[in-house]
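From first to last, the protein sequence lines are chains C and G.
The first sequence begins at 606 in the numbering used here and counts up one residue at a time.
The second sequence begins at 2 in the numbering used here and counts up one residue at a time.
Don't read these hints as lab results, they were simulated from the structure.
Owing to the predicted nature of the structure, the values given are computational and were not obtained by experimental measurement.
Any given hint might turn out to be false.
Said to hold, decoys possible - Partner residues are not named here, just some residues of chain C that face chain G (Cβ under 7 Å, in silico):
| no. | residue |
| --- | --- |
| 1 | Lys681 |
| 2 | Lys696 |
| 3 | Val700 |
| 4 | Tyr717 |
| 5 | Leu905 |
| 6 | Val914 |
Cβ atoms here follow ideal geometry from the backbone N, Cα and C, with glycine treated the same way.
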Amino acid sequence: MAETAAIELKNISKYFGGKAANKNVNLSINTGEILSILGENGSGKTTLMNMIAGIYFPDEGQIFIDGKAVVIRSPKDAFKYKIGMIHQHFKLVDVFSATENIILGIENKEKYDLKAAAEKVKEICERYGFDIDPMKKIHEMSVSEKQTVEIIKVLYRGADILILDEPTAVLTPQETQKLFNVLRKMRDDGKSIIIITHKLHEVLSLSDKVAVLRKGEYVGTINTAEADESILTEMMVGKKVSLNIDRSEPENCEERLVIKNLNCVDREGVKVLNDVSFTAYSGEILGIAGIAGSGQRELLEAIAGLQKVNEGEILYNNPKTGECDNLRDKTPMQIRDLGVRLSFVPEDRLGMGLVGNMDIIDNMMLRSYRKGHSMFLERKGPRDLAEKIIKDLEVVTPDAKTPVRRLSGGNIQKILVGREIAAAPTVLMAAYPVRGLDIGASYTIYNLLNKQKEKGVAVIFVGEDLDVLIELCDRIIVIGSGSITGTVDARTATKEEIGLLMTKSAAHGGEAE
Amino acid sequence: MLAFLVSSIRLGMAFLFGSTGETITEKSGHLNLGIPGVMCVGASCGCFAEYLYLSEAGPNANYFLAVFIPIIATMLGGAVMGLIFSFLTVTLRANQNVTGLVLTTFGVGVSDYMIAETGAVYSKGSRFFTSSFPFAEDLGWFGEIFLSHGILIYLAIIIALVSSFVLTKTRVGLNLRAVGENPATADAAGINVSRYRYAATCIGCAIAGLGGLSFIMDYLNGNWEYCIDAIGWLAIALVIFTVWKPSVAIIGSIIFGALYIASSYITGVSFASKEIFKMLPYVVTIIVLVFTSIRNKRENQPPQSLGLSYFREER
C-alpha cells in the first residue's frame, strides 16, 4: 500500500486477570474509510476500541497513527491524536443544553461564549447533515438526538478518527439510515470511521472493510465487496467445539409455561419485547440465544413479575393443582410461591439475588424469613441449607459465615443457583449462570441444570456461548431486538444457523437496504 | 413595620450566607449537612479573632482591621471545616450524610465552648459590624431599608450575585455543575472531579461561616447567648426553597427572616405559639418541595448526583 494508514494496530494484546480479552490483533484503517468490527459478545470488540480511545492500555503491541508509533494513556491523549469515541452509554449531563454538553471540559483561552459555540455546532450540523437544536436540553431529547450530540461533541473537538460502539443498538431503522448517511458524508470528508456492530446487514451496507474478532482473537479482515452473510457468520462463530455435556432425552413433557404475544417497554419507552410467544415444557431445557441486550433480561423479569407487561399473557400450568394461572396478575412473591424461580446472574453478579455484605446463611434466609413463626430469626434451617450447598456444590469458602462478596464469582453463582434449586422449583430460569466461571465450575452448573430437568422442572437457560447452548439445551429459541427470530432443535442445529438468526432482526430485517 | 423589615433583612442575610455556601457545595454533588456546625465554627473563629484584636488594640481599634480580621478568621475556620468534610468524603470515601452530621455536632460543641470561654459578649466588636453610612438617617425610609446596614449585609448580597453569575455564566460554573450532575461525564470530559469538589466545598463552607458571624455580630448585636445551629438548618432549607439559585435566595432569605421573627411583631401571641411561627420557614420549604416535585421540571431539581460519592471505576 502506498498511503500510510490513518491508524494501525500491530499485535495488540490485552489481558484481564490472566485471561486474554484481545490477542494479537492487527488492524489498519485508511483516511476516508469505514471499518466495521464484527464479533459476538465478549469477543473483545469494545476492549480493543477502548485501547485506541485511551481508556485501557494495551499489554502488548503497538499503535501507529499516520505511520508513527504512539502511546495513548488517557482519553486526553486520544484526543490529542484526533481520536474520538462515541460510547454505547452516553456521557451527557441531562439538564444541560446540547451546546453546554459539547463544550464541557474543553480547555482553551478564548472567552466562554455559548452563542459562538452554538454557531459552531450549527456549522458542523450543516456540514454533515445533522438535525439538532443546539439549545435543546438533553433530557428533552430522543435517544437518537442524544447520540447526535455525542457525535457532534467528538467532531467539535476536531476528531479525524471516530469510533462508534454499537451505535445502532438503540436506534429505529429510520434513524439508523439517517446515521449511516451522516457517516458516509463524514467518510467522504476524509474522516476514518470505526463502527462496532454485530448486525450483518449493517456491516454489508455501510462499511468498506470488516475486521472479525472471535473470543478475543483476531480472525481477519476482508473487504466488504468480497463478503456475504454466510462468510461473515462463519468467521464470527467459528468451527463447532465439542463439549461432552451429558444430555438426556426429555421425559414427561407437559406444557408448563405458555407465553403469548408478550410486549414490554422499558423505562425510556423503548420497546424491548415485541410479540414474544413460546412454550416451555417440563423436563426440558429451553435455551434462549441472542446478542446481549436483545430482551432476554426483560423476558425473564416479566415472567418473574419484575417487569411490567404491556400486552400479552404468561400462562402457568400448575402441576399440583392442575389449574392454569396467568402470572401477569400476580406479584413477584406469589409467582415465586408457585414454584417459578429466577436465578438471575446479572453482569455485576451481586446486583440481583444476593446481598454482598451478608454471609451465606443470611442470604439463604432472604428466601425463607417469611416462614418463621416466632418473632426471632430461626437460623438452623438456613444454616443447614447453606452447609448442604457448600458441600454439594463444592463452594470454596472459609465457612458459612463469610460475607458473600468475599467469594469468587463462580462460588457466588453456585450459591445463587443452589439456593433457587433448593426451593424445589417447577420452573427454573437461569441467565448467564456460567458467565466468568472456569470449566470445572461451569460443568457443575450444567449438571445441576440437567438434574433439575430430569426431575421434571422446566428449565429456561439464557446463555451466550453457542457451543454450550447446542450441547446443553433441548430446544433453542433465538431472540433478536426483542422479537423471536427462530426456534431450532438443539440436537440438529448448527452454530451458523443460530448465528444468522441472532443477527437478523425479524421486525425490520429487510428495511435497512 | 419599617423596623420589622429591617430586622428581616438583617436576619435574612445570615441565612443568605449559609444558603449561598451550601448551594455552591451542593452544585458539586456534596450534600453538606454540616452547615450548622460550619456556621458555629465560623462565628466562633470570627468572634475570637475580634476578641483578641480588640483586647490588643484597646481604644485605638481601627474600623478596617476590626472588620477585616474577623471576616478572614471566619472564612478560614469555615474553609477548614470544608476541608475536613472533603477529606472524609472524597479521599476517605466516607458517607456524606454521616460526615455532615458529625461536623454539625462538632461545631455546636466548639461554639458552646467559645461562649463559655470568652463570656459571650461581643457588643464591643459588634459596633464595627453594625455601623453604616452616616447619611442613611437623613434619607427617611429609603435610607432605613437600603443604607442603614452593616458591611456584612452588603457582602452577603454581593457574594450571592457573584456566585449566581459564576454558576450560570462561566466555564468554571459549567464544569462545577457538570461535576454535581454527572461526575462520570465530567471525568470523561477531562474535568478533575475531586479538585472541583474540594474547592467548591471549602469555598462554600467559608461563605457559610460568614452567616454565623453575621448572625452574632449584626443581628444579635454581639450578645451570643444560645446555640445558633437553627440558623444553619434554616440555611439548608433555604437552598431547597430557592431551588438551588443564589440570586433567588436574596429574596428568599428575607422572606425566611420575616417569617422567623413575625411572631415578635404581632401582638397577643403567647410564648408557646411563637414557636409555631418559627416553624413557618420549614412549612414553606415543604410546600415548595411539593410544588417542584409535582411540576417535575428538571431545572428545579437538585443536582442529580447530590449526596453520591464518585469513584472512577477501577479495572
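* Starting from the hint list further up, note which numbers the structure goes against and sort them upward. => Structure breaks hints 5 and 6.
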